[in-house]
Structure formats: structure tokens, C-alpha cells
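Quick note, our numbering runs 2 ahead of the 1-based positions in the sequence shown.
Don't take every hint at face value.
[To be verified] Derived Cβ-Cβ restraints for the label pairs, each shown as a range:
# : residue 1 : residue 2 : range
1 : 57        : 127       : 54 to 64 Å
2 : 10        : 93        : 41 to 51 Å
3 : 21        : 44        : 48 to 58 Å
By construction, these hints were calculated from the structure, which means they are not laboratory data.
Just so we're clear, the structure is a prediction, and the values are computed from it rather than from any experiment.
Each residue gets a CB set at the ideal place from its N, CA and C atoms; glycine is no exception.
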Amino acid sequence: MQTQFFAYLCTIWCQNKKTVSFIVALLILLLFGDTLLPLIGHCLHLLIEVVESVLEHFLEAAFGLSARQAQLVLFYSAFAIAAYLSWYFARKAYFTVRHLVQTHWRSIKTSPWFKPLLMFGALGATIYIFS
Numbered sequence: 003m004q005t006q007f008f009a010y011l012c013t014i015w016c017q018n019k020k021t022v023s024f025i026v027a028l029l030i031l032l033l034f035g036d037t038l039l040p041l042i043g044h045c046l047h048l049l050i051e052v053v054e055s056v057l058e059h060f061l062e063a064a065f066g067l068s069a070r071q072a073q074l075v076l077f078y079s080a081f082a083i084a085a086y087l088s089w090y091f092a093r094k095a096y097f098t099v100r101h102l103v104q105t106h107w108r109s110i111k112t113s114p115w116f117k118p119l120l121m122f123g124a125l126g127a128t129i130y131i132f133s
């Protein structure tokens with residue numbers, strides 16, 4: 003019985019490696035998320051610090067900058083990159099949401115009384131503004 007089960011699991015694993023890997027990763031994340039996520043965060047922070055240190059030493063050696071000047075160059079460069087990426091993703095999110103809203107608005111079937119009501123409302127607002 004166990005060999006059939008393991009053979010079945012092996013066939014599923016061989017056919018759908020990405021699906022099974024995603025399910026296993028999701029289960030690990032759900033079961034060990036309280037310890038796994040901080041570990042990933044610390045590893046990313048350590049990686050960023052190592053890259054910054056290497057770049058600082060490169061700037062000091064290549065351009066003859068002091069340690070403080072190299073730190074400032076890296077900070078402002080990273081800040082400019084982060085600002086550009088924030089602007090890019092915010093703009094992309096705005097246009098995506100706007101497109102979704104326009105698509106939803108166009109797909110709505112308006113009732114026959116809604117359009118005249120909208121026109122009279124706009125006319126009433128215009129008359130109110132100019133009176």
C-alpha cells in the first residue's frame with residue numbers, strides 16, 4: 003500500500019514539479035511563517051549591507067573618495083533609484099486601476115431612466131452655478 007502511494011506521489015512530482023514545489027513552499031510558509039519571514043528579512047538585510055560595503059570600498063578606491071563621501075554617494079543613488087521605482091510602480095498601478103474601472107463602467111448596463119436623470123442633474127447643477 004505504501005509503495006503504491008509513494009509511486010503515485012513520484013508520478014505527480016515528476017509531472018507537475020512547479021505545482022508541487024509551490025504547494026510545498028506555501029505549506030512551509032504557513033506552518034513556519036513566524037520564524038521563516040524574519041529569517042528571510044535578516045538574510046536580505048545582510049545581503050544589502052554586503053553589497054553596500056563592497057560598493058563603498060570600490061568608490062573609495064576608484065575615485066579617491068573618503069568613507070563618508072562614498073556613503074553619501076551610495077545613499078543618494080539608492081534614494082534616486084527607489085524614488086524612480088516608486089513613481090514607476092505607482093503610475094503603473096494607477097493606470098491599471100483606471101483601466102479596470104473604465105472597463106467595469108462600460109460593462110454596466112445602465113437603465114433607460116439613468117441617462118436622462120444624469121443629464122437633468124448636470125443641467126440643474128449648471129443652472130445653480132450660474133444663477
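Hints and how they fare:
1. 57 to 127: 54 to 64 Å: At roughly 58 Å between Cβ atoms, residue 127 and residue 57 fall inside 54 to 64 Å, so the hint holds.
2. 10 to 93: 41 to 51 Å: holds, 49 Å
3. 21 to 44: 48 to 58 Å: violated, 30 Å
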